[in-house]
Amino acid sequence: MHLPAILPWGAADGFSKQMLLVILSVVIIATFFLLAARKQQLVPGKLQFAGEAAYGFVRNSIAKDIIGGKDFMKYVPLLFSLFFFILVNNIYGAIPLIQLPSFSHVGGAYVLAAIVYLTWIAIGVKKNGIKYFKLATVPTGVPVYILPIVIPIEIISNFLVRPVTHSLRLFATMLAGHLIVMIAGSGIEYLVMQENVLLKGTSVLVLVGAIAMYMLEALIMALQAYVFTLLTAIYIEGALHADSH
Amino acid sequence: MNQTIISAATEGTNPLVPNPWEMGVVLAGFAVLFYIVVKFVVPMFEKTFAERAEAIEGGIAKAEKAQAEASAALEEYKQQLTDARAEANRIREEARAEGAQILADLKEKAAAESARITAHAHAQIESERQAAVVSLRAEVGTLATTLASRIVGESLSDDARAARVVDRFLADLENQNAGAAK
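Which chain is which? The protein sequence lines are A and B, in order. With our numbering applied, the first sequence closes on residue 245, and no number is skipped along the way. With our numbering applied, the second sequence closes on residue 1182, and no number is skipped along the way.
Hints are computed from structural coordinates only; laboratory data are not their basis.
The calculated SDA-like cross-link candidates involving lysine to any residue, where the alpha carbons are at most 20 Å apart (straight line), are: (1) A:Lys17 x B:Gly1024; (2) A:Lys74 x B:Ile1036; (3) A:Lys70 x A:Phe57; (4) B:Lys1039 x A:Glu52.
Source: prediction; values computed, not measured.
Could you build the full structure based on these sequences and the hints that come with them?
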């Protein structure tokens, strides 16, 4: 399901609104944080304070709390970029007239999940060598006769299912929210057009329900950005400390 | 909007099949954002955090140092005060002892001086009395002789005789005096 392209107008494959929004999100995030960080003072102004609070949230509440240790600073840029990239692209869905969460198109979610997938495998191999794959799939303290069952499960859950759920969770929630808002809007439009007054009146119920769904969607948009970043931090932490799991 | 849904539904495309162009845009956009974050945003924020932590910790360290210095100075002052008190006590004791010593010396000296003066006076009085006696003896003798010669009209110019007479007279006098004194 793709919106018509902007360039060339209406074509199936071309420069679409979704692509424009993705590029715009990069500009918004970079501009905001560069402005907030530009004039750094020990006692921050309003903009700097907002930037520091946002940066500190990812740095301390996600990276430091999950990864911890003295290594966590290495992964702050990735987590920070992921969180705000997904957050802004999701919030698009809650802004009137834009109303298109970029990740309701599955391609972007695949790309981000793939980046994270390759990153945590690379970290695990770099940290533990090639035996990382053994550490990640053979749990310690399990009786030998259960291992033939456990090892395939671990391989499937860690290396096959994990990136799929990571990407589809984001994509599906955004698409579902997008569809619900869109269907509610169309439904209201359809009901208002009816000749029957009683039927016309039910559009109010749909409107109330749509507003509630809109609030819920706005919450889920922020929440999914957090969940995606949190899971990334958990995967990285698991790869770093594979020997102690 | 109806049109969109209908077209989406009738299009029959699978929503799980990605558009490669969109993937490319997301990848490129994320790469640019990541580069900016790594290169500028994180270092700038971390620099501020570090500076702020240093400012706070530096302030605390400075305050602790000042506190330590102040208590050291207080200790020193207390020590000096104690020393000064002890010194003052010592000086006072010394002065007291010295004063007593000086007083005793002076008393001794005064006593000696007075004894000396007394002895000297005694000696002088004795010698003056002696001189007076001698001179009196001579004068009184002459006077008495002249008087007697006048009275008795007898020439008593013979000195030896006269002296004998006078001596006898004086001896009588002394004997009388001595008898009276007794």
